[in-house]
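Protein chains: 2
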Amino acid sequence: MADSEGQTYIHALESRFTCKRYDPEGHISDSAFNTILEAGRLAPSSFGFEPWKFLVIEDRRLLADILERAWGTKKNADRTVLILARRGVSAESEWVHHIAHDVQHLSKQDEQARLQAFSGFQQNDLQVLENDRTLFDWAGKQSYIALANMLSAAALLDVDATPIEGYNRDALEELFAAAKLYDPSEWGVSVLVQFGVHDESHRAHPKTRRPFGEVVEYVR
Amino acid sequence: MADSEGQTYIHALESRFTCKRYDPEGHISDSAFNTILEAGRLAPSSFGFEPWKFLVIEDRRLLADILERAWGTKKNADRTVLILARRGVSAESEWVHHIAHDVQHLSKQDEQARLQAFSGFQQNDLQVLENDRTLFDWAGKQSYIALANMLSAAALLDVDATPIEGYNRDALEELFAAAKLYDPSEWGVSVLVQFGVHDESHRAHPKTRRPFGEVVEYVR
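These protein sequence lines map, in sequence, to chains A and B.
FYI, in our numbering the residues of the first sequence are 1 to 220.
FYI, in our numbering the residues of the second sequence are 1 to 220.
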């Protein structure tokens, strides 16, 4: 049973591709889309702090503005998701207290112990407190786990997808600040991802990956 | 069909947990482990540059040294994987030429066009060329997609897993440099992950996640 789930997953990963052209008439069901978002929501993260948020962009004008500033986006995708990463996720932040208190329901004592461990971890072990950028990139890494889960769900659901780093950071952040989409001192753009149905004319490039023996090394 | 695959995946994500204690007698099959590694190998990455490598640590002495420097690791896990991220992945790097030429088999002309796009992307759009750290963190983000795929495969295979950021960067890198495990100018530690069978005495914390409506926001 589990073996066959594993093979189904590998097959889905082998078959998926980064969609470059979508069918303008192609739609994916709300149920499939919710499964994709749910897979992202359930992603694990460092200390369970989930430093992410998913904005589903349905405002047509905003969407057009995004497409203009993100060359990696495709205009006929059915759904466009902006994955935000949280800024300033340190032990002293409101965010960490929110998760520890409201989500993880830690007692005051447990919260203190956890935040102390987290503080030492960020400062001494992983060294992500060097500056705002290293801390934001650390949150960004967590959000890529959520992104990967969404892509896996899409592949398993036969939904086509496009993960997108191809955007101009300054132009997007300026746009979102002007649109008051979120508080830029709290959130920043991590990555975008689109979903839909590939166009009939779409020809995926053959998948290229280094061979197993070059990627995996046994240290014996 | 695809719907049921989606539900199977969500169920696996709901059931998985970060394993804190492994059964010292618990083993996972080579076939399951290979499926997990294969899921990582097949992960997508920016421009398809796969800036990662997976070291499976089977040397007992080295493993003990790692456990000492990475408080997040568990001593009875059956398999321990060190995920490395590539340093210095810019358009001028040997790495990018290797992938474009030997893996993607681009013509000289296509390779030039691709590297030019990549250079502009890194410099102007995503702004990852600020310094060595921002460039390494960008590669690290890609490697988290591979990590997430491994965790998804493990969940689908009923294999227990522990993703680990809990390590001392300096201590680990010093250890690996002394052991000449890799060239530290080319690779750095991104994240670790262990797999195995949870101990009978293991009680997973109930999974906590912010509710769907707090994570997902529709912009209409």
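Take these hints with a grain of salt, some might be off.
[To be verified] Residues of chain B clear of chain A, computed beta-carbon distances all greater than 12 Å:
#1 69
#2 74
#3 82
#4 88
#5 90
#6 93
#7 184
#8 201
[Said to hold, decoys possible] Covered stretches of chain B, as calculated for chain A (at least 3 residues, CB under 8 Å):
#9 4-18
#10 35-49
#11 105-114
#12 123-132
#13 205-215
No lab work stands behind these hints, which were simulated from the structure alone.
The beta-carbon is built from N, C-alpha and C at its ideal position, and this holds for glycine as well.
Closer than 8 Å, Cβ to Cβ, for at least three residues: run that test on the segment 4-18 of chain B against chain A and report holds or violated.
holds (count 11)
Does residue 82(B) really sit off the interface, with its C-beta more than 12 Å from all C-beta atoms of chain A?
8 Å, violated
Checking the smallest CB distance to chain A, is residue 74(B) really beyond 12 Å?
Holds, since 15 Å exceeds 12 Å.
Three or more residues of the segment 35-49 of chain B near chain A by CB distance under 8 Å?
It holds: at least three residues are needed, and the segment 35-49 of chain B offers 11 whose Cβ sits within less than 8 Å of chain A.
A cut-off of 12 Å on Cβ-Cβ distance, and residue 184(B) was said to be off the interface with chain A. Does that hold?
16 Å, holds
Using Cβ atoms and 12 Å as the threshold, tell me whether residue 69(B) really stays out of contact range of chain A.
9 Å, violated
The output says residue 90(B) does not contact chain A. Does that hold with a beta carbon cutoff of 12 Å?
15 Å, holds
Given as non-interface: residue 93(B), partner chain A, CB spacing beyond 12 Å:
15 Å, holds
The output says residue 88(B) does not contact chain A. Does that hold with a beta carbon cutoff of 12 Å?
About 16 Å separates residue 88(B) from the closest Cβ of chain A, which puts it past 12 Å; holds.
Would the least Cβ to Cβ distance between residue 201(B) and chain A come out above 12 Å?
Its Cβ never comes within 12 Å of chain A, the nearest being 21 Å, so this holds.
Taking 8 Å as the C-beta cutoff, is the stated coverage of the segment 123-132 of chain B by chain A satisfied by three or more residues?
holds (count 5)
Would you say the segment 105-114 of chain B counts as covered by chain A, given the rule of at least 3 residues with C-beta under 8 Å?
violated (count 1)
Of the numbered hints listed earlier, those contradicted by the structure are 1, 3, 11.
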